[in-house]
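Asker: These are the residues of each chain, in order.
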Amino acid sequence: MTTTAVKTAAAVAGFDRVTKTYGDVRAVDGLTLALHPGETVALLGPNGAGKSTTLDLLLGLKRPDSGTVSVLGTEPRDAIVAGRVGAMLQSGGLMEEVTVAELVRLACSLHPRPYPVSEVLARAGVTQIADRKVDKLSGGQAQRVRFALATAGDSDLIVLDEPTTGMDVTARQAFWATMREQADRGRTVLFATHYLEEADAIADRVLVLHRGRLLADGTAAEIKARAGARRISFDLDGPVDQAALRALPSLTRCDVSGQTVRMQSADADATVHALYGLGLYPRNLEVAGLGLEQAFVAITAAEEARPS
Amino acid sequence: MNALIRLELARALRNRKSLFFSVAYPSILFLLIAGTADSTTKVDGTGLTLPTYMMVSMASFGALTAVLMGNSKRIAKERENGWVRQLRLTPLPGRGYVLAKTASAAVVSLPAIVMVFLVAAIGKDVRLDAWQWLALTGAIWAGSLVFAALGVAIGYLATGDAVRPITMITYFGLSILGGLWMPTTTFPGWLQDIAEWVPTRAYAALGQAIEQSQAPHTGDIALLAVFFVLFSGGAAWLYRKDTLKA
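Protein chains in written order, with this note's numbering: chain A, 263 to 570; chain B, 32 to 277.
Isolated chain A (complex conformation):
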């Protein structure tokens, strides 16, 4: 309890019962959360879950209808003016008819604690295209330029909205390598993504948003565990007694197709133990953890099924 209180006091960013509505739609609904120094946090959610609105609120581009958003102890806008936040948004465009180097130089001059231009270019992997006109870039190159703008100076919080969209696999890996380096320097990184494997591989903490509310908040492992941690599959000989199978303990899901049975269980050990207790002889038995992707689907699907 004490540690939580200490952490909250030193939060890099905080949402306190924040609500934002557009007409009848509650894009963000009573959101409360805190980001702590040095964390790399992934923000997940299906389309329309409120990810973009959450980032806009965090960056002071939108104002909450109620509740408060604070960044580094001040209003979001003040934190940005102080150069303490670097951000790239999907909706953020680039100035046209100038070169990549000119644009990055601009971002460096606007920052109160800039890094050398050559360093920013190199880190974002755009040194080779530094003399190219911004309007002539591919989608992935433009993303890297946006990243360069977001990391032009020494900021405490880096916010990235779908940063690797449009990048190929190699570029994506290179991107996350630089991002990890940023996190290692003690920066807090918050990124929204729909590549769940990225969240799984990179984030210390995963936030799952659904209809503007925080559905899950924990490490990727915790979220997987929460979703009904394990997947069990096997084949049976002879007639399959579905009712008996469905009555097995800790099941969250059970699909039977022909002789093949696929289940998800919150406690795979207990389920398998009870399975043998039925006197069955399962063949090709496999017990495996859920991927974050399946966990995510499981969590959001369970929430969808609930009447709102």
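Each hint should be verified, as a subset may be incorrect.
[Stated by the list, open to error] From the structure, some residues in chain B lie toward chain A, with a derived Cβ separation under 8 Å: (1) Leu35; (2) Leu44; (3) Arg45; (4) Asn46; (5) Asn112; (6) Gly113; (7) Thr216; (8) Lys272.
[Stated by the list, open to error] Below, computed lysine-lysine pairings styled on BS3-like, alpha-carbon distance capped at 27 Å: (9) Lys398(A) to Lys272(B); (10) Lys108(B) to Lys48(B); (11) Lys104(B) to Lys272(B); (12) Lys48(B) to Lys398(A); (13) Lys48(B) to Lys104(B); (14) Lys272(B) to Lys395(A); (15) Lys108(B) to Lys398(A); (16) Lys272(B) to Lys73(B); (17) Lys395(A) to Lys108(B).
Honestly, the hints are just simulated from the structure, not real lab data. Ideal placement from N, C-alpha and C gives every residue a C-beta, glycine not left out.
Using the hints provided, position chain B relative to the given structure of chain A.
Answerer: Positioned in the frame of chain A, the structure of chain B alone reads:
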């Protein structure tokens, strides 16, 4: 903010097409209109020769082109492609963007004014005192701020397909009604009555007063001041609305 002004300027100077349009085009138009006129015929009611009269009109027109076109289309486009939004994620103060746009447009408008003066002095023997040249440059340059504010307002008012026709109608409307292309004295009476209240007419009248060795008329300055307040107030209101929405 200086960095943004420098970059805006570098970009403006690199764009040959728009540079030609705002710097050379007014001078060419001046030669087309005043080219065949002799240097003795006076424009009715002004005591100025046609080349002298048109020199101020075209210098004003050039400045108008640079600031109005420069601001409106670019702001609308950059609002649309998200650059304005991206800039709001940098430590640049909110108004810095608009100020940088206006400042760089004002830098381009200066050569447009001077170019018309040179062409008029060399090609059409327009002769004025040194103080008149300086006062003309200053008055036309300062007066262009009124239209820079209008350009900002249009840039925040419209987007996409709408911004071009709105800019063009405003631009040609102001140019023609204000008598920048032909003296308002050639208009029918009812049109002259309307032109009386058009800001570009008052704008050109500043320069014509200086050419006649007079102080600019208080009425013209007041009219321009009122339009400046209107345009910049409108721009500020639209800017704030856009900021809340984005």
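Asker: Against each hint, give a clear statement of whether it holds in the structure.
Answerer: Now for the hints, and whether the structure bears them out:
no.	hint	verdict
1	Leu35	6 Å, holds
2	Leu44	11 Å, violated
3	Arg45	7 Å, holds
4	Asn46	6 Å, holds
5	Asn112	4 Å, holds
6	Gly113	3 Å, holds
7	Thr216	42 Å, violated
8	Lys272	13 Å, violated
9	Lys398(A) to Lys272(B)	32 Å, violated
10	Lys108(B) to Lys48(B)	17 Å, holds
11	Lys104(B) to Lys272(B)	18 Å, holds
12	Lys48(B) to Lys398(A)	19 Å, holds
13	Lys48(B) to Lys104(B)	14 Å, holds
14	Lys272(B) to Lys395(A)	32 Å, violated
15	Lys108(B) to Lys398(A)	17 Å, holds
16	Lys272(B) to Lys73(B)	49 Å, violated
17	Lys395(A) to Lys108(B)	17 Å, holds
In summary, the numbered hints that this structure violates are 2, 7, 8, 9, 14, 16.
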